[in-house]
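A.B. asks: Hey, can you work out the whole structure from these sequences and the hints?
Residue numbers (the numbering used here), protein chains in the order written: chain A, 1 to 290; chain B, 291 to 764.
Worth flagging that the hints you see were computed from the coordinates, not collected in a lab. There could be a bad hint or two in this list.
[As the list claims (entries may be wrong)] Restricting the straight-line Cα-Cα distance to at most 27 Å, the calculated cross-link-like pairs of lysine-lysine (DSS-like) are:
1. A:K201 <-> A:K126
2. B:K603 <-> A:K265
3. A:K255 <-> B:K649
4. B:K459 <-> A:K27
5. B:K472 <-> A:K3
6. B:K763 <-> B:K463
7. A:K234 <-> B:K651
8. A:K136 <-> A:K55
9. A:K201 <-> A:K234
10. A:K270 <-> B:K321
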Amino acid sequence: MPKVIDNIQIGPVVWKMRVEVPRLVEKAKAGQFVIIRVDEHGERVPMSIAGLDKKNGLLTVIYQVVGKTSALMTTVPAGGQLADCVGPLGVPSHVENWGIACVIGGGIGVAPIYPIAQAYKAAGNKLITIIGARSKNLLFYEEEHKAIADEMYICTDDGSYGQKGFVSDALKKLLDDGVKIGMIMAIGPVPMMRVVANLTKGYNVPTWVSLNPIMIDGTGMCGGCRVSLDGKTKFACVDGPDFDGHLVDFDLLTKRLGAYREMEKRAMKKFLEDPNCRLNEELKKVMAGN
Amino acid sequence: MGNPLEKKDRMKIPRAVMPQQDPQERKRNFKEVPFGLTEEMALREASRCLNCPKAPCIKGCPVDVDIPGFIQLILEKDYAGAARKIKETNSLPAVCGRVCPQEEQCEAVCVMGKKFGPVAIGYLERFVADYERENNLIELPHIEPPTGRKVAIVGSGPAGLTVAGQLIKLGHKVTVFEALHKPGGVLVYGIPEFRLPKSIVQAECDFLARMGVEFQNSTVVGKMDTIDELFAMGYDAIFIGSGAGLPNFMGIPGENLIGIYSSNEYLTRSNLMRAFDFPNYDTPIIYGENVAVLGGGNTAMDSVRTALRLGAKNAYIVYRRSEAEMPARKEEIHHAMEEGVQFMMLTAPVNFIGNGDGKVKAMECIKMQLGEPDASGRRRPIPIEGSNFTLDVDLVVVAIGNSSNPLIPQTTPGLQANKWGNIIVNEETKETSRKGVFAGGDIVRGGATVILAAGDGRVAAQHMHKYLMEEVKK
Ligand SMILES: Cc1cc2nc3c(=O)[nH]c(=O)nc-3n(C[C@H](O)[C@H](O)[C@H](O)COP(=O)(O)OP(=O)(O)OC[C@H]3O[C@@H](n4cnc5c(N)ncnc54)[C@H](O)[C@@H]3O)c2cc1C
Ligand SMILES: Cc1cc2nc3c(=O)[nH]c(=O)nc-3n(C[C@H](O)[C@H](O)[C@H](O)COP(=O)(O)OP(=O)(O)OC[C@H]3O[C@@H](n4cnc5c(N)ncnc54)[C@H](O)[C@@H]3O)c2cc1C
Ligand code: SF4
Ligand code: SF4
Ligand code: FES
Chain A
1 MPKVIDNIQI GPVVWKMRVE VPRLVEKAKA GQFVIIRVDE HGERVPMSIA
51 GLDKKNGLLT VIYQVVGKTS ALMTTVPAGG QLADCVGPLG VPSHVENWGI
101 ACVIGGGIGV APIYPIAQAY KAAGNKLITI IGARSKNLLF YEEEHKAIAD
151 EMYICTDDGS YGQKGFVSDA LKKLLDDGVK IGMIMAIGPV PMMRVVANLT
201 KGYNVPTWVS LNPIMIDGTG MCGGCRVSLD GKTKFACVDG PDFDGHLVDF
251 DLLTKRLGAY REMEKRAMKK FLEDPNCRLN EELKKVMAGN
Chain B
291 MGNPLEKKDR MKIPRAVMPQ QDPQERKRNF KEVPFGLTEE MALREASRCL
341 NCPKAPCIKG CPVDVDIPGF IQLILEKDYA GAARKIKETN SLPAVCGRVC
391 PQEEQCEAVC VMGKKFGPVA IGYLERFVAD YERENNLIEL PHIEPPTGRK
441 VAIVGSGPAG LTVAGQLIKL GHKVTVFEAL HKPGGVLVYG IPEFRLPKSI
491 VQAECDFLAR MGVEFQNSTV VGKMDTIDEL FAMGYDAIFI GSGAGLPNFM
541 GIPGENLIGI YSSNEYLTRS NLMRAFDFPN YDTPIIYGEN VAVLGGGNTA
591 MDSVRTALRL GAKNAYIVYR RSEAEMPARK EEIHHAMEEG VQFMMLTAPV
641 NFIGNGDGKV KAMECIKMQL GEPDASGRRR PIPIEGSNFT LDVDLVVVAI
691 GNSSNPLIPQ TTPGLQANKW GNIIVNEETK ETSRKGVFAG GDIVRGGATV
741 ILAAGDGRVA AQHMHKYLME EVKK
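C.D. replies: Here it is as structure tokens:
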């Protein structure tokens, strides 16, 4: 069973977990994902690859606590084990030298976009990085991005750090200034990816997004992860997760992500009421409020 | 010993009736439906067999189980011996006794059949396998000394498990790579608990592990290592039994609404992830009140009966042909009817209607009539113009078959597949266009049956052994 090396809180509801899976790490590429199951009763949850330490065989995932399983993940101690971690899944991000490439990470998306930024940079692109969060305390991975970006913009919705506004505002300014961006890759909450894709359509700049529909097997067997591209159905786990943002039906994705909302609430409630629940008190309060 | 009864007396005994859970009760639980024969019933049923010298029943079985042979051992009360006799050619009797379409295979040609009802070969097969397992009589077979050869098996369905069992006995080192977190293939993720308890599949896999088979679950070949990389890692021969796990959809408007599942998704949630026991297990599943299952095969029956057990008020089978053409086992259709499934024959969906929130709320259907026979020999359904009507549904399960998963053919240069993506093999040896790579089961046949997959595994194992010993120099 895969061993958890460390699992630390890096934001109000965000954790960073490193897992020892040497064979997986050896094969994995930027843009791919893994599926984790915490214990025998657990769900299979997909998580993007946020870092690959090839030398030590360590996989980094950065996850946001949104429900029962992500909450449960926070309780796995350093040295503990996951029931399983399968991958690398999905098609690696397409990488080539476009001259100037721009990566955009919003919220939790700043983490999975990082290995892709590294790959773009390694391919010889001039790398423009735009990262954003609602507020300063929700921003992370800044140092990592800074270390490789040729140009970097930080945005917060409330202006508590960097420039005030959305990542799409910063991007719009670049495009209006005539910066010749050859490729944009955006990862973040669905509304953010939608806004970015809608914006760049007008400028005719190729824009890719990484989609996160609900998945089970991640091998193309169930069809639960289907998304619609220009009217054609695709399975995000095997055809993606990266897709041309100008073709994605974001409405459908948003709706499908809500398929189990009521049941997820029940699962969370039961989890919080369990006397053996090992969540930290602060997180318990946050989750009870959701 | 043998049968004490005269032939004419054997014919007077009526065919055994399988005791089973009452339909009204079982339609709300996931426990196995048939209880199995008691010892007394099994002995009585075995005594019906005429022990025919030509034994036509054997030819009805795709893997030539010595049917009169094992039945005679039952009469001698050597149940474990009977199980061993079956296992000479079929390594999964507890599974096959339950899910084989016996009525079309071994039992269809039993000489008792026409007049008196065929000997219940499937029931007897299940009886001896269960007897052997429940009484801990399963003996580890003799294992040949190590040959130094290594075999990789891709996929742990009946095909892969059979190859593993055969080759480990012959002294080869065997590793099974499985994409999911549990081995068993369709036997664990597809076929429901009430038809095939998962503990039985687990027992089969545990047994293989005890013989020395190594299982590497959660490993997707083609994503982790490719076939060529497996060779580079020192595997001398490879068997591909990756099944037909790519769900087909109908391609009609509204198909991506919430509440429309493929049967693979619906059954995987319920069986593999145990969503029927939510929230004790974390994976959710949609509980429909009015559930339509599209299709007429085993998968459709399994889905519709799962829907009933998850509380559906109305569970429909919507099938575009008539009952006569339904590919599901007769027994399963009968079980579904007993449980109150409503069959809407000669009906096809044309459009799914959403509730504005992205959830399915109804399905527009059209009535069909049967025309001339098509290529499959079944009469082709033709829509009746103007017969459209709307059916209220809040859950739809699309069970119209699977195609083969393209991952392995795509990542294996030189591996030939046909236009449907099925891997092409030499019929006789099961070897593919790549040297040392063999394949069988649904990835070769398209959707077939457990026993055909197991049979392919058996043939492949024989030729893999020959290949390993003659062509792989150590
Ligand atoms: C390819 C991919 C990469 C992802 N990468 C990350 C990542 O790097 N970090 C991160 O925090 N999250 C990531 N996610 C989302 C993450 O998988 C879900 O947040 C997680 O499954 C939620 O589980 P839960 O039990 O905590 O919450 P739940 O209470 O079950 O669900 C909360 C919400 O999460 C989504 N969700 C639920 N189950 C799944 C599922 N099985 N698959 C996908 N989404 C689901 C739904 O929108 C749901 O409403 C990724 C998803 C995909 C498909
Ligand atoms: C719901 C349902 C009900 C059925 N009922 C019956 C019945 O009553 N009687 C009957 O005889 N038949 C029945 N069948 C058909 C029967 O189950 C199949 O024909 C049989 O399981 C095929 O066996 P297989 O070994 O070829 O593959 P499968 O059982 O499909 O197993 C293939 C395995 O390979 C794994 N795999 C795939 N790709 C990879 C990869 N790249 N790397 C690693 N692992 C991989 C899959 O995860 C899977 O576990 C039913 C099928 C279904 C779906
Ligand atoms: S394996 Fe299937 S077909 Fe063969 S004897 Fe057993 S039940 Fe009959
Ligand atoms: S055909 Fe029927 S009666 Fe004859 S040997 Fe086979 S099972 Fe027995
Ligand atoms: S998650 Fe099942 S097909 Fe993509």
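A.B. asks: Does the structure break any of the earlier hints, and which numbers would those be?
C.D. replies: 4, 8
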